[in-house]
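Undergrad: Listed below are the residues making up each chain.
Number of protein chains: 2
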Amino acid sequence: MYLIIAYDVNVARVNKVKKFLRKYLHWVQNSVFEGEATQATLEEIKIGLKEIIDEGEDMVVIYKFRSVEAFKKEIIGVEKGYCEEII
Amino acid sequence: MYLIIAYDVNVARVNKVKKFLRKYLHWVQNSVFEGEATQATLEEIKIGLKEIIDEGEDMVVIYKFRSVEAFKKEIIGVEKGYCEEII
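Taken in sequence, the protein lines are chains A and B.
FYI, the working numbering numbers position 49 of the first sequence as 49, with every residue one higher than the one before it.
FYI, the working numbering numbers position 78 of the second sequence as 78, with every residue one higher than the one before it.
Please keep in mind that the hints were generated in silico from the structure rather than gathered at the bench.
Possibly wrong hints are sitting among the right ones.
Derived DSSO-like pairs (lysine-lysine); straight-line CA-CA distance at most 27 Å [to be verified]:
#1 A/Lys23 x B/Lys16
#2 A/Lys80 x A/Lys18
#3 A/Lys18 x B/Lys18
#4 B/Lys16 x A/Lys18
A short, non-exhaustive set of chain B residues, derived as facing chain A with CB atoms under 10 Å [claimed, not checked]:
#5 Ile4
#6 Asp54
#7 Lys64
#8 Arg66
Covered by chain B, per the in silico footprint, the following chain A stretches (three or more residues, Cβ under 8 Å) [said to hold, decoys possible]:
#9 17-23
#10 26-40
#11 44-57
#12 63-69
Heads up, the beta-carbon is just placed ideally off N, CA and C, and yes, glycines get one too.
Make the full structure from the sequences, and use the hints.
TA: Dropping the structure here:
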């Protein structure tokens, strides 16, 4: 499947979440990641996120698609994720 | 169509973007909105965003789907958008 994950977490945990998601997905922009994942990987991601975040304060939204073909993507402004990868 | 819009903009413009997108879509969490839109509305949103953001510094990513059925959504932690609506 294909995932888009966006998080809104306390600044104290934001880098931990970013570092963790980087192991599985591509960074798109500040607090958004996307990429292919198996069901098993998704479960791993969810377990890891629950360990890092405070579920009473933070929020992570996971959008799940059958494939990357399920959507079209358009960017306005700079492609931050792309810049990061080529630096 | 259905849209998910995530933005990563300079703090000087973040409230402007939020206020603008609120006119068209539902707030999901810090810097993420989603909702139904026609092609005409999407064009209006894009024009408006280009007026607000600095295209050399900011980034807005627009994910476009045929319908809300194109994805499944899962939330870990608090449902911020929902809280905001009921307050």
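Undergrad: Mind checking the CB of lysine 64 of chain B against every CB in chain A and telling me if the closest is under 10 Å?
TA: holds (5 Å)
Undergrad: Take a quick look at whether lysine 80 of chain A and lysine 18 of chain A sit within 27 Å of each other, Cα to Cα.
TA: holds (14 Å)
Undergrad: If you count the residues of the stretch 44-57 of chain A with a beta-carbon closer than 8 Å to a beta-carbon of chain B, do you get 3 or more?
TA: holds (count 8)
Undergrad: Let me know if the C-beta of isoleucine 4 of chain B comes in closer than 10 Å to any C-beta of chain A, holds or violated.
TA: holds (7 Å)
Undergrad: Does arginine 66 of chain B pass the interface check with chain A, least Cβ-Cβ distance below 10 Å?
TA: Cβ of arginine 66 of chain B sits 8 Å from chain A, so the hint holds.
Undergrad: Test coverage of the stretch 63-69 of chain A by chain B using CB-CB distances below 8 Å; three residues minimum.
TA: Check passed, 3 qualifying residues.
Undergrad: Tell me if chain B covers the stretch 26-40 of chain A under the three-residue, 8 Å CB rule, please?
TA: holds (count 5)
Undergrad: Check whether the Cα positions of lysine 16 of chain B and lysine 18 of chain A lie no farther apart than 27 Å.
TA: holds (26 Å)
Undergrad: Run the distance test for lysine 23 of chain A versus lysine 16 of chain B: straight-line Cα separation, threshold 27 Å.
TA: Since the Cα atoms of lysine 23 of chain A and lysine 16 of chain B sit roughly 33 Å apart, the hinted pair is violated (cutoff 27 Å).
Undergrad: Hey, lysine 18 of chain A versus lysine 18 of chain B, does the alpha-carbon distance stay inside 27 Å?
TA: holds (23 Å)
Undergrad: May I ask you to test the interface hint for aspartate 54 of chain B with respect to chain A, counting a Cβ-Cβ separation under 10 Å as satisfied?
TA: holds (7 Å)
Undergrad: Mind taking a look at whether chain B covers the stretch 17-23 of chain A? Criterion is 3 or more residues with CB to CB distance under 8 Å.
TA: violated (count 0)
When held up to the earlier numbered hints, the structure conflicts with 1, 9 and fits the remainder.
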